Each structure stands twice: as structure tokens, then as C-alpha cells.
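Asks: Respectively, the protein sequence lines represent chains A and B.
Per the numbering used here, the very first residue in the first sequence carries number 1; after that it's consecutive.
Per the numbering used here, the very first residue in the second sequence carries number 1; after that it's consecutive.
Just so you know, the hints here were simulated from the structure itself, not pulled from any lab data.
Here the structure is a predicted model, which is why all the values come from computation and not from measurement.
Some hints could be false.
Just so you have them, the derived chain B footprint on chain A, three or more residues with Cβ under 8 Å [said to hold, decoys possible]:
| no. | region |
| --- | --- |
| 1 | 12-20 |
| 2 | 27-41 |
| 3 | 78-84 |
| 4 | 166-179 |
Calculated cross-link-like contacts (lysine to aspartate or glutamate; reagent style DMTMM-like; alpha-carbon spacing at most 25 Å) [unchecked claim]:
| no. | chain 1 | residue 1 | chain 2 | residue 2 |
| --- | --- | --- | --- | --- |
| 5 | B | Lys2 | A | Glu224 |
| 6 | B | Lys201 | A | Asp208 |
| 7 | B | Lys139 | B | Glu233 |
| 8 | A | Lys310 | A | Asp182 |
| 9 | A | Lys91 | A | Asp169 |
| 10 | B | Lys201 | A | Asp209 |
| 11 | B | Lys179 | B | Glu233 |
| 12 | A | Lys38 | B | Asp320 |
Virtual Cβ for every residue (Gly too), placed ideally from N, Cα, C.
2 protein chains.
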Amino acid sequence: MKKLINTPDTLVDEELAGMAAAHADLIRIEAPNVIVRKDAPRQGKVGVISGGGSGHEPMHGGFVGLGMLDAACPGAVFTSPVPDQMLAATKAVSGGAGVLHIVKNYTGDIMNFEIAAELAGAEGIDVEAVVMADDVAVKDSLYTAGRRGVGGTVLAEKIVGAAAEAGADLATVKALCQKVQDNVRSMGMALTSCTVPAAGKPTFDIGDDEMEIGIGIHGEPGRERRKLATADEITEALATPILDDMPFQKGDRVLAFVNGMGGTPLIELYVVFRKLHEIVAGRGITIERNLVGNYITSLEMAGCSITLLKLDDELVRFWDAPVHTPALRWGV
Amino acid sequence: MKKLINTPDTLVDEELAGMAAAHADLIRIEAPNVIVRKDAPRQGKVGVISGGGSGHEPMHGGFVGLGMLDAACPGAVFTSPVPDQMLAATKAVSGGAGVLHIVKNYTGDIMNFEIAAELAGAEGIDVEAVVMADDVAVKDSLYTAGRRGVGGTVLAEKIVGAAAEAGADLATVKALCQKVQDNVRSMGMALTSCTVPAAGKPTFDIGDDEMEIGIGIHGEPGRERRKLATADEITEALATPILDDMPFQKGDRVLAFVNGMGGTPLIELYVVFRKLHEIVAGRGITIERNLVGNYITSLEMAGCSITLLKLDDELVRFWDAPVHTPALRWGV
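Chain A with its partners taken away, still in its complex shape (with noise of 0.2 Å):
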């Protein structure tokens, strides 16, 4: 295991205490593994919280800041965090006007953040979730009944905190955070395994000439594995069942966003993004806003995702509202 660590135990504080000395005009860490904006809690506002395991950074600590989220919840690498956790930063952004966690769908997090939404409701806390699921991947998986959540849940991130930025109430904010579900999709692939620190060794095996189609963000089995491909027709195949599962159709407005997950330079990404373009254009579909970056990852896995979000004019609106993260940030 080659890594710039010290060690797998001190990793996750390590990295919190590196984003507060980078970032300490956007962000404070409240509690242990507890990352808020800084000027948390604002009186008035519905505070937009996410969290999960460590691994898939910049998400989420990285979008906590203005226009995004009000506070992040990191666990371990790939470890679902704790509802105390859960609870503390739920306190900490309460401003008077509710709060939405922003869930993927797996297991631990799932069951986590309801206990933490429970026991906020007992201290007076108007808590709401939305359960991210975009993954088109597969039905059930390792760690989840229903869909995965993934790369969807970034683009709900920013669109959701730039609502409650501008003063939506709990239920506009939640109503919101659906519709991006509901517009959402996505699918990943992976050359290579990573490797999780306490572990020690790659999650999975895979050939030399193979690749893992539709892997999840923690190396969880895909729909298939296949013998490698060129970058366009890996395209395809991802963008294929996204477009079509919706499904996606003529006039459609989109955002595009291809992720990496870790290990991949960005000079494959837009190799990547240029073939989802013509993919997309040839159904008639619209291409008006794009992401092209590491933004969910799983460690330093090869591979990418491809996400689309159909768009209509408030979904554009609150996408190009000024953010300002360690990660993300534009119009401020």
C-alpha cells in the first residue's frame, strides 16, 4: 500500500485538521469529524446538511461553505459516520427554521441519520431528508436495498444550499432536494481497485485487460466485468442505460457532469466528456451546464462516472448561484 499517509488510524483527523488550516475562512470543525461553515448557525436559515464515509473527498466536506452546505459529517474511510455525529452538526446549523439532511442511499447512513433526525426532533429540531439514489448501476447492492447514491447527490448539494442560501423554507428546500433525485442519474466504471488504509490491500482484483462496469463508489460489483474497452465505447456504456433509463429524451436540457474517481488525470475526463457530448446531441439533448472533475471519488480508484440532471429554468437558476467551498466555487 503506497499512500501519503501516517496512519490509516490518524488519517480522517489528519485530513480535517489539513482542510481547517487550508480553509479556515470557510469552515470550523464543531465537534470531532464535524466540518461547518464557518459562520454557522445562521438565524433564519434552513440549514443543509450531507455526510458518509471518508474516501470520497472533496465530497462532502469540501462543499461546505456558502451557497452549499451548512455543515458535512465525515466517517471513517468508507464507513458510515454516527448519528452523534449526525446530531452535532445538526445543532450546530440549526438557525430556527429546520433542518435537511441530504442522505445516499446506503444502509448505515440511511439508519444513522434517521436515529440523529429523532433524537434533533426531541431537542426541538424540525428535521427533513431526502434519500439520494441516482445510480442506475444496478437494483440492490452490497450495502443498499434500492438504488446507490452517488454522483447526483453533489449536483443536489449545490442546487439545494443555494434555495435554503436564498431563503427557502424546509419544505421548499426538501421539495427540491426530490426533484433533483427524481431528475437524476448516473453510472460509474473502474479500471482499477482502491485500497482502503485499514485494509491494506485492494478491495477487489481485476485483470489487466479488465474493467468494472457500473462499480460503485466503494468497489462494490457493478453490472459486469468486461474486457477493456476504448474511452468512447466506455462512454457508451455508461451513458446508454443512464439515457435510457429515465428515460432522457428529445428537447431535454441537461447537466452534464464526468467524474473522476481519484486515480484518473483529467485529460481522460474530457476525452470522456467529449464523447458523452456527441451522445448526447445525437438524441437531441441539450448539454446547457457541465462539470468535469474529481468531485465524488472513491481514494485513488482509475475510473469515471457520468451523471445527467434534466434541468428546467429554477434548477439552472440555483446551479448558477454563487457558491463558495474549498472545492467548489464561482460568482463569489
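Add chain B to chain A, keeping to what the hints say.
Replies: What follows is chain B alone, placed relative to chain A:
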């Protein structure tokens, strides 16, 4: 070789097509392998250009846009661009106020930019050049007489681009770039090799328990091959030669840049930043600005580099100025 590509021969063209599709609001492809700011040429503005081999993305093409570069010339992977490209870029951005070439110190880049400058001069365009040579690892290198140009180039492009955007004349812009070069120092390391697509095999062999300290951005040998160490020890091994070189002194204000080589996840870069912050503070030096992420990469190499730039009020002001490029954006 596992990569998201179609063929090595078409890789750069396809990447540029992807960039053009994703960032049509910011850039256009002016000539083969010449990325130009969409609104170039801007009359009365000094044009700022850089270029070099591909494989270091987002550098340089990702830095074309408002407040940074006017054009970038990507060569084949790890191969200098040709004079014709640089000439085309120079002419495309010439708005009558002259053009600055920011050149990383590699023999091929230097020679070809010099030829392009002569050709542009013959067409009546004033061209000046500044050579970036900030890598303290080695005195001479595989492709270099003198120090290599590495991470300091990213900072120079941002700062110089802001000055040109603000209307500074060619002599001022050149002097500012030289000031950045005089005040910036870098060093990198690698845990793994990268694989140049056309070669199809790793650039160098390295043991499972080894690392290369002082690596170049093309995988050139560094200072020494050592046994794998902790992130804290590695950070010390990079920071100490940088701090001692200029030397940086108590009371200095610096921009600290922790850069990923392409295959190292962000979670690890923050662990490095944490230790760097501690080391620098221990010497009575203040990190006033920072940048953490993948900005000057070596394909999928695992590793990182550290760059420190000594700041003054002028450099801070230009660093903070608005920028809007595919890879770096704030204030707009």
C-alpha cells in the same frame, strides 16, 4: 496500460475537443493544439501565453480565461509544443501591447518559444519571455540545464494574468513574472510512475516499498530513491530544502501550494498540507494564501509537490483578483 483513451495518437486532440465542448463560454481552439481565450485578441492588453507538453492537466489549457492566460499551446504528452503553435498563439492574442511567453525551463520549450518569439517579432509583435525554474530538487536534469520549471508556473500564470488583465504594460508584466520566479521554490515526490500512452509502459520502475524524492513532472529522477516513509516525514523531506533554499525567513508571508501529481487523492493532500502548515509556522512564517489540489500533474502518477511563494501586498492583490478559467475560478 489501463487508461480512458481511444488511441495514444488521438488523445490530445480528443481532450481539446472535450475542453472546447465543456468550456465554450471561456475558450476556443484557434488552430490545431492552440487554446485561446474566447474573446482574444483584446486590444491594448498584453497577451500572456504558456505551453508545454500535455499530461500535466489542468496546466496550461485549464488556465486560459479571464485574469490568467490568453492562450496555451499543448504539445503531445510530455513533448514540447512546436514553434508554429506558439507563433499561432502569439498572433491570436496580440492586441498591440505585446505578448509575454511564460516558459518552463526545459530545453525543448525554451528553444521553441525562442524561435516563435523571433518569428512573431518579424511580424511586428513585441514578445518578452520569462523562464520559470523553481524546482530546488536538482541543479540540472534529464531535459534541463539548470532548475526545472514546476509548480511555481501555476502561481506565476495567475498573478501575471491578473496584472495583464488590469492593464499593466509588457515591461511591468515581465518584471512581475520575474519577481514571482525569484520568490518561488518547489519540490516534488512520487510513490508510483506514470505511463506515457505512446510508450505503453511505466516511465520508471519503483519498488513497492520505495519512493522518489525530488521527482520531475515527467518522471525524471530526483535527488534520491528512499524507503517509503510517513506523510509527515515526506512533507519534511520536501519542505526543508525549499525553506532553506531561498531561504525563507521568520516573518515571511507565503502562499503554500500542495499539488497532487494526478493519482493521489485529495484526502492525502490535506494530510500533507496539515504538516506543511505546522513546519512553516514553526519557522515563524505565515501562510497567507494556499492552494491544495491537482493543478500541475504527471498523468496518473501518485505523489505530490510543495511550492512556497514569498508574498508581498502586490502579489496578494493579484492572486486575489478575479479569475475565470476551466480549472481556477473566483471572484466572478
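Asks: Output the indices of the hints that this structure fails to meet, ascending.
Replies: Of the numbered hints given earlier, those the structure breaks are 2, 3, 4 and 11, listed in rising order.
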